[in-house]
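My request is simple: use the sequences and hints to build the entire structure.
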Amino acid sequence: MRLGVGEGLRDGDAGMPHEAAGPARHTNALSGAVQGHSVQAATIHGGVFIGADAARRSRSVPRQLPQAPRHFTDRTDNLAALDHLLEPAAPSLAVVTGPAGVGKTSLALRWLHKHRDNWPDGQLYVDLRGHLSEDPVSPSTVLSQFLRALGVSTGEIPAELAEQAALYRTVIADQRIAVLCDNALSAAQVRPLRPASEAAVCLVTSRWHLSSLLLDGAALVPLAPLDTDSAVELLGQIAGQDRIAGDRMAARNMVTAGGCFPLSVAVGAALLLTRPEWTLASVAARLTAIHSAGPDEEVSMNASLDHSYAALPEAAASLYRRLGLHPGTVLSKQVAQAVAATAPAVDDVDGCLAALVDANLLTAPDPERFRFHDVIHQHARGRAESDETGEQRLESVQRIIDSYLSCANAADQVLYPQRRRPPVEYAYAVSAHPDFPDGAAALAWFDRERENLLAAQRLAAQSGIDGATWQLADAMWALFIYLRYHDDWISTHELGVAGAARCGHRLAESRMRTGLGIALRDAGRPGDALRAFTAALALRREIGDRRGEGLVLHNIGITHRRMGDWDTARSVLKSALSVREESGDSRGVARVHGTLGEVDSLVGQHESALAHLTRAREALSNTQDPYEALTERLLGEAHLRSGDLRAAHTHLAAALEVLRHTGEVFETGAIHEAFGVLAEREHDTASARTHYARAEAVYTRLSAGRDAHRIAKRLRHLDSAIGE
Numbered sequence: 001m002r003l004g005v006g007e008g009l010r011d012g013d014a015g016m017p018h019e020a021a022g023p024a025r026h027t028n029a030l031s032g033a034v035q036g037h038s039v040q041a042a043t044i045h046g047g048v049f050i051g052a053d054a055a056r057r058s059r060s061v062p063r064q065l066p067q068a069p070r071h072f073t074d075r076t077d078n079l080a081a082l083d084h085l086l087e088p089a090a091p092s093l094a095v096v097t098g099p100a101g102v103g104k105t106s107l108a109l110r111w112l113h114k115h116r117d118n119w120p121d122g123q124l125y126v127d128l129r130g131h132l133s134e135d136p137v138s139p140s141t142v143l144s145q146f147l148r149a150l151g152v153s154t155g156e157i158p159a160e161l162a163e164q165a166a167l168y169r170t171v172i173a174d175q176r177i178a179v180l181c182d183n184a185l186s187a188a189q190v191r192p193l194r195p196a197s198e199a200a201v202c203l204v205t206s207r208w209h210l211s212s213l214l215l216d217g218a219a220l221v222p223l224a225p226l227d228t229d230s231a232v233e234l235l236g237q238i239a240g241q242d243r244i245a246g247d248r249m250a251a252r253n254m255v256t257a258g259g260c261f262p263l264s265v266a267v268g269a270a271l272l273l274t275r276p277e278w279t280l281a282s283v284a285a286r287l288t289a290i291h292s293a294g295p296d297e298e299v300s301m302n303a304s305l306d307h308s309y310a311a312l313p314e315a316a317a318s319l320y321r322r323l324g325l326h327p328g329t330v331l332s333k334q335v336a337q338a339v340a341a342t343a344p345a346v347d348d349v350d351g352c353l354a355a356l357v358d359a360n361l362l363t364a365p366d367p368e369r370f371r372f373h374d375v376i377h378q379h380a381r382g383r384a385e386s387d388e389t390g391e392q393r394l395e396s397v398q399r400i401i402d403s404y405l406s407c408a409n410a411a412d413q414v415l416y417p418q419r420r421r422p423p424v425e426y427a428y429a430v431s432a433h434p435d436f437p438d439g440a441a442a443l444a445w446f447d448r449e450r451e452n453l454l455a456a457q458r459l460a461a462q463s464g465i466d467g468a469t470w471q472l473a474d475a476m477w478a479l480f481i482y483l484r485y486h487d488d489w490i491s492t493h494e495l496g497v498a499g500a501a502r503c504g505h506r507l508a509e510s511r512m513r514t515g516l517g518i519a520l521r522d523a524g525r526p527g528d529a530l531r532a533f534t535a536a537l538a539l540r541r542e543i544g545d546r547r548g549e550g551l552v553l554h555n556i557g558i559t560h561r562r563m564g565d566w567d568t569a570r571s572v573l574k575s576a577l578s579v580r581e582e583s584g585d586s587r588g589v590a591r592v593h594g595t596l597g598e599v600d601s602l603v604g605q606h607e608s609a610l611a612h613l614t615r616a617r618e619a620l621s622n623t624q625d626p627y628e629a630l631t632e633r634l635l636g637e638a639h640l641r642s643g644d645l646r647a648a649h650t651h652l653a654a655a656l657e658v659l660r661h662t663g664e665v666f667e668t669g670a671i672h673e674a675f676g677v678l679a680e681r682e683h684d685t686a687s688a689r690t691h692y693a694r695a696e697a698v699y700t701r702l703s704a705g706r707d708a709h710r711i712a713k714r715l716r717h718l719d720s721a722i723g724e
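According to my numbering, the residues represented by the sequence shown are 1 to 724, in order.
Simulated from the structure, these hints should not be mistaken for lab results. Please read all numbers here as calculations on a predicted model, not as lab measurements. From the three backbone atoms N, C-alpha and C, an ideal C-beta is built for every residue, glycine too. It is possible that part of the hints are untrue.
[Said to hold, decoys possible] Pairwise CB distance ranges, derived in the manner of DEER restraints:
1. T274 to D74: 20 to 28 Å
2. D435 to R646: 47 to 55 Å
3. S621 to A686: 44 to 52 Å
4. S586 to A686: 36 to 44 Å
5. T279 to S431: 38 to 46 Å
6. Q462 to A647: 57 to 65 Å
7. P120 to A653: 41 to 49 Å
8. A686 to P423: 50 to 58 Å
9. T568 to H113: 52 to 60 Å
10. S687 to S621: 24 to 32 Å
11. A647 to R502: 38 to 46 Å
12. D77 to L214: 40 to 48 Å
13. D719 to G643: 25 to 33 Å
14. L214 to E542: 52 to 60 Å
[Stated by the list, open to error] With a cut-off of at most 20 Å between alpha-carbon atoms, the simulated EDC-like pairs for lysine to aspartate or glutamate come out as follows:
15. K333 to D447
16. K333 to D366
17. K333 to D347
18. K333 to D348
19. K114 to D182
20. K333 to E395
21. K333 to D358
22. K713 to E680
23. K333 to D182
24. K333 to D350
25. K114 to D135
26. K574 to D644
27. K114 to E87
28. K574 to E607
29. K114 to D74
30. K114 to D83
31. K114 to D77
32. K574 to D585
33. K333 to E368
34. K574 to D545
Written out as structure tokens, the structure reads:
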């Protein structure tokens with residue numbers, strides 16, 4: 001079970017339920033042989049295996065595509081080129097390529113929405129962030145997101161990229177599905193995301209041709225700026241035909257000055273809308289003057305953006321350039337409010353955000369979230385570099401980081417109130433964080449903001465804000481425990497180790513190394529995990545943290561158990577027990593007794609197992625501790641293994657009684673599963689079916705897919721036994 005920095009997974013024989021990480025007030029237990037990883041989450045994230053047919057998935061159909069562009073013109077030839085993908089034997093992959101701001105994403109969305117009925121099994125979308133100023137998203141991260149959206153629970157998603165890709169191909173085999181990979185950097189980023197099904201289609205947008213994909217049979221759809229007439233038509237769609245009807249020549253000059261790029265046309269149109277006193281001719285003249293100084297794409301785009309920026313009210317302009325320092329292109333209103341605190345002129349954040357949306361410098365996917373086009377984001381960042389002092393920029397960066405740190409800590413505390421945390425240090429006073437009414441809301445926030453949290457941590461590391469670097473990794477603990485982004489889990493804790501070491505915080509470094517070890521172990525790298533734990537153990541001993549030393553030893557013991565080295569596991573666990581006793585960590589002592597008891601039970605040392613588990617039970621009895629019900633269940637399972645079915649029933653019933661007071665949801669499922677095994681031993685098929693059904697319902701509710709799948713197998717076994 002994982003609480004605190006983490007206690008790892010419990011492995012054992014295949015005859016008992018499983019323990020894995022659980023949410024606040026949801027104690028999870030795992031015993032039984034596990035191939036791969038097991039996790040339970042507070043809410044369903046996608047679908048899970050349910051029912052008697054484990055191959056049948058119950059899930060909602062993913063509809064992830066952003067809205068189709070409201071204003072669109074021309075592109076007839078490009079749309080026709082994409083239409084060829086619908087023909088029999090046509091390639092199922094197309095690369096829409098062209099410079100920034102030319103409308104690649106708009107074209108792809110226009111076409112996909114037009115033909116959305118062709119893909120009734122779902123549409124998947126990802127922004128791969130292949131911009132030069134961004135860290136591109138890894139294929140492994142995307143596959144984890146896609147698999148969850150397709151109904152695969154977190155516990156079923158492998159850690160390795162090749163295994164993830166194979167599972168992805170299996171899940172969508174023969175499905176009519178569309179995938180949009182936006183802003184790709186390389187072919188290697190895209191290949192694992194390409195569906196294998198002939199009924200599926202994958203569109204890729206990129207500033208590069210990704211020529212090696214053409215060797216894979218991809219169709220290339222190059223995109224150029226609009227012709228002048230089409231650009232004028234787009235200008236009229238956005239600004240209003242009446243606004244441009246009186247001076248068509250000025251309209252042509254205006255769009256030509258912006259290179260006829262759809263993005264620059266949209267920004268220019270916003271100028272006409274928000275500055276009715278400006279004539280079309282005056283805007284065109286200003287843009288033409290700047291364009292003549294350097295008529296290339298970058299200058300054309302920046303000319304339009306510079307004029308939009310200059311037309312902003314002072315407060316909105318101040319917020320615009322400070323938001324340019326945000327590490328990602330999507331941000332929440334709360335982050336905008338935090339950034340606004342650096343600018344005294346910004347006294348109406350909502351009004352400033354509305355002004356930026358009106359100017360087409362931001363879009364608003366929903367009232368609480370805002371998005372930059374990557375070109376505009378780079379422009380805003382450039383204005384911050386030129387118009388803000390170094391101190392002002394650093395303050396904005398620190399407030400951005402503090403905002404994410406505050407929210408992440410709040411979400412983590414909702415999911416894990418029992419976890420011991422060091423005091424959080426902020427550079428500035430933080431505003432109120434979102435109100436998370438329950439674990440489901442906290443986990444949803446974590447998943448939605450994951451990319452921003454990762455980017456904020458990288459920004460902290462790059463800016464030399466070492467304290468926030470490790471604190472952000474620590475605050476993301478629940479995110480990784482529940483959603484298993486192994487690459488991110490490992491990378492954040494590696495950054496955390498480095499940040500803690502640079503600021504000389506030995507306790508924080510040991511905490512980061514312990515978390516890194518758990519991440520590595522969960523990713524199937526027990527050898528690397530042991531090295532991380534060994535380094536953490538040395539630090540704990542160096543600073544005299546005996547309580548932490550006991551925790552690390554406990555994790556080392558669990559790791560050896562995961563490796564099947566029972567003797568070493570038992571030896572290390574006994575050392576952990578001694579240290580935890582000496583440090584006065586009574587709860588930790590009880591937990592180690594529970595682990596030792598389970599290990600002894602799994603290897604058939606029933607007398608010793610019962611002694612350890614009884615010690616754990618006595619220490620936790622009537623404490624309302626989540627481990628109390630777990631310990632009662634482990635005692636029940638131990639008696640079940642030893643053949644004492646009456647005692648097994650007594651302890652399993654006691655575990656359920658404890659849950660009436662503590663309400664540990666996952667543990668309820670684990671107890672019913674154990675009751676099902678007990679009923680089978682007693683040849684009570686009807687009772688076994690009832691308990692398994694209750695366990696399956698709990699596992700399904702908590703997105704514990706591997707556990708629900710295991711129960712489905714037990715139910716099928718019962719069906720086949722009856723058939724015989």
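### Message
When the structure is checked against the list of hints, which entries are broken? Sort them ascending.
### Response
3, 11, 12, 23, 25, 26
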